[in-house]
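**Student:** Please work from the sequences and hints to get the whole structure.
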Amino acid sequence: MELSLEEKKRKRLEKLALWKKKKEKEEQEKNLNTPQIEEPPAKKVKGFAIKKNNHSGRHIQKNAKGLRLFSDQEEESEQKKRNTSFVNGAQKSRKGSTYDKEPETDLDSLLDELKSNPHKLVTENQKTQNVIIEETHENDASIYDSQDDAQALLETLKNKNKKVIKFIEPSTEPFEKQFYTEPESISSLPETDVQAIRAIHNIKIRGKHNQRPITEWCQLALPQQFMSVIEDLKYEAPTPIQSEALPNLMSGKDLIGIAKTGSGKTLAFLLPMFRQIISQPDPGSGEGPIGVILTPTRELALQIFKECKPFMKSLNLKGICVYGGASISQQISDIKKRVHFAVCTPGRLIDLLTANSGRVTNLSRTSYLVLDEADRMFDMGFEPQVMKIIPNTRADRQTLVFSATFPPKMEALAKKVLNNPLEVIVGEKSVVADTITQKVLVIDPQERFKKLLELLGTFKSKDPTGKVLVFVERQDSADVLLTNLLKRGYNAQSLHGGKEQMDRDFIIQDFKTGNSDVLVATSVAARGLDVKRLNLVINYDSPNHMEDYVHRVGRTGRAGSTGEAVTFLTAKDYRAAYDVSRALKVSKQLVPNDVQAVANVFVEQLKTGSAKRGSGYGGKGLEKLQEGRELKRQLEKSTYGDEAVTAEPKKENTQVATATPPPLDQPVEEFKVLFGSEPSGNGTTQFHATIEINDLPQQVRWTMTNRVNISDIIEASNASITSKGRFYPSGKAPSEGEDPKLYLLIEADSEASVNKAVSLFKGKMIGALLQETKDKSKGRYTIT
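Numbering follows the UniProt record's numbering, with no gaps: position 163 of the sequence shown is 163.
Check the hints yourself; a few may be wrong.
[What the hints assert, rightly or not] With a cut-off of at most 25 Å between alpha-carbon atoms, the simulated SDA-like pairs for lysine to any residue come out as follows:
hint: 1; residue 1: K306; residue 2: L233
hint: 2; residue 1: K163; residue 2: G347
hint: 3; residue 1: K306; residue 2: G325
hint: 4; residue 1: K208; residue 2: N419
hint: 5; residue 1: K204; residue 2: V194
hint: 6; residue 1: K208; residue 2: I425
hint: 7; residue 1: K487; residue 2: G497
hint: 8; residue 1: K451; residue 2: K415
hint: 9; residue 1: K451; residue 2: N535
hint: 10; residue 1: K451; residue 2: K318
hint: 11; residue 1: K318; residue 2: T172
hint: 12; residue 1: K416; residue 2: P170
hint: 13; residue 1: K166; residue 2: G284
hint: 14; residue 1: K309; residue 2: K163
hint: 15; residue 1: K439; residue 2: Y540
hint: 16; residue 1: K306; residue 2: E191
hint: 17; residue 1: K762; residue 2: G737
hint: 18; residue 1: K415; residue 2: R726
hint: 19; residue 1: K306; residue 2: K166
[Claimed, not checked] Computed spacing ranges between beta-carbons, pair by pair:
hint: 20; residue 1: V480; residue 2: N420; range: 49 to 55 Å
hint: 21; residue 1: N420; residue 2: Y235; range: 25 to 31 Å
hint: 22; residue 1: Q446; residue 2: L770; range: 51 to 57 Å
For the record, the hints were derived by calculation from the structure and aren't laboratory data. Note that this is a predicted model, so its numbers are computed, not measured. The beta carbon of each residue, even a glycine, is placed where N, CA and C say it ideally should be.
**Tutor:** Below, the structure written as structure tokens:
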């Protein structure tokens, strides 16, 4: 008769009780006077607790392989495999033969062992799988004891968040990177003709021993496999960036290339890479790629890899495109196939370099390194990752940095990784292509959607198969605008970082193939999106700086095609109007009077010191957005202090027509952040920061310590985050010897990672405070 689960549990407990009695009797007979150790309660360490369960239907079985966790069903299955049963604490077979006594299963022995030797459970063969770990989320009343007996184990868990690339001595085998010999048709040109060629395309070149520009593909003397692909792709003549960069790159020089979007700079760095790869032996067993191209976004990586495919087939090369959001197991499998080159995002490349203790792949043979869209890469916080990757490549590698814009800060950083580079500038820095017609409209925010529909209707009547890209500032704005367009019959989709990678891939593919012809996107689509017949770009929300504007409108008018870009500004977009007017002037297009009037307000603010002029992205990442709503400004001011709020002239007697949440009656408790660093003992520095959250409102504390939020921030910043201290009610402070107030500890190998984690936590806090204020305004809480 089959016993129920409860009946089995009852019988097991009875057997355990009998076994304990027998054990006590044996100890008494042997005169064992071992003092009993009081069973300690479950202890919590850094967000985890080692939990002891005697009667929960689960037990720990100790065997030669370590500690395993069994459920009732698992135990029954395991018992059937052994074909044994427990009888009065002794183990007997169903045939009646007697085996040796089962090893002790009582948790007392485990706790005694843990107390006497806490490091025994963290050997190389046991580590995390050998102890029950229970995550805790009690934010207001938890005490995290850093001196717990299992400290070593939890330190091991924490260190898993810190990725260290296993250093493998780079190859020292000589390789060829000089493939160019100046043809007579170029060397015989008078210097005045060379200067004329550069002047026509507005090319500037800096550096010693630079090559003259080419005018035809045949002047590179490329092998036939290259020329056949170039002919098939109908590349008639080199573009200005290609004509200037290719002879220098084929000569083995490092290079900084600055050219407007759609100028053909991708092919400019692909051809020298392929030429260098085919001159070297194929990668052997355990060897990584010869060429590595780093990009800031998945979309750009896929776009570059697409341009590689025709050459891969012709040259019989293997390549891989790796980026976050896709299956890493498949990427590990692919990169083990001795690929010749890799197009990747920095974070996923580090994942592959650190996987399986560094045995998956390495960069010991990497002799060609490209940083594409380098300004955005460093702006997005990839500088620590890039600087961690580069030392693992060959010291004599050829390094290239390409971008459409190049702020001075980025220029200084790039020169750290280059060796006597040439700098090639095609056109002006941060300039819009002359194939794009730019229009800027100063419009009331309430009229933007009506104007958008008007522009779409006019465009579609003239170009029914043309595509439109609409840029907005925020992810929620993209989804709201998409809903409104769908209601009016437009075949539209939205694209932003909040969507899964698979969804983003399908959306881009639908947009390219024409299944949808209107795409509403955030600035995630400002780089690497190359779509044919994309003839209209609309900045529904104004860009945050000049470089962002250049890249947004640069999605149209590519590869010699014409396009149109329309930007909406409000009468209060002073900074945006200033940046857009600069871009128009550099592109030699007329600045409308109303746009110049709004820009002049910002100029006056610069003179009075109430505003500051920024440069490039300012190193604050994609999320550096202007705070538009007064409520959010109040929250930031009360949280960060006056300096965190963008200075604006004070306005008196301002009436707000629409309903808004009530202002904060009093400032929120101070958001304290303390930064520090200390040597880690191996020649590097460990950076850390503490964020005191004890005095924040309860809902905000919950948001700050939510497991999902912390996991997202760990992944985004590559920092280790731990909840520490204990909660003290308002007005109560810890006494001497007591644990400190509840706080978050952020640790990382780089200061940038710590700063990014702190910034993300601040954003979470602001969002939670906003939500709480809105909830109060709706009457969810009683204010006393």
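**Student:** For each hint, tell me whether it holds in the structure or not.
**Tutor:** Tested hints:
1. K306 - L233: This hinted pair holds, its Cα atoms lying about 13 Å apart.
2. K163 - G347: Holds: K163 and G347 sit about 10 Å apart, inside 25 Å.
3. K306 - G325: Holds, at about 18 Å.
4. K208 - N419: 12 Å, holds
5. K204 - V194: 12 Å, holds
6. K208 - I425: 15 Å, holds
7. K487 - G497: Roughly 24 Å between the alpha carbons, so the hint for K487 and G497 holds.
8. K451 - K415: Not satisfied, since the Cα-Cα distance of roughly 45 Å exceeds 25 Å.
9. K451 - N535: 18 Å, holds
10. K451 - K318: Judged against 25 Å, a Cα distance of about 49 Å means the pair is violated.
11. K318 - T172: Cα-Cα ~23 Å, so holds.
12. K416 - P170: OK: K416 and P170 at ~19 Å, within 25 Å.
13. K166 - G284: Within the cut-off at roughly 19 Å; holds.
14. K309 - K163: 32 Å, violated
15. K439 - Y540: 12 Å, holds
16. K306 - E191: Given that 25 Å is the threshold and the Cα spacing comes to 38 Å, the pair is violated.
17. K762 - G737: 30 Å, violated
18. K415 - R726: At roughly 47 Å apart (the allowed maximum being 25 Å), R726 and K415 break the hint.
19. K306 - K166: 31 Å, violated
20. V480 - N420: 49 to 55 Å: Given range 49 to 55 Å: holds, Cβ gap about 51 Å.
21. N420 - Y235: 25 to 31 Å: Holds, at about 30 Å.
22. Q446 - L770: 51 to 57 Å: Given a distance of about 22 Å, which is not inside 51 to 57 Å, the answer is violated.
The structure shown violates the earlier hints numbered 8, 10, 14, 16, 17, 18, 19 and 22.
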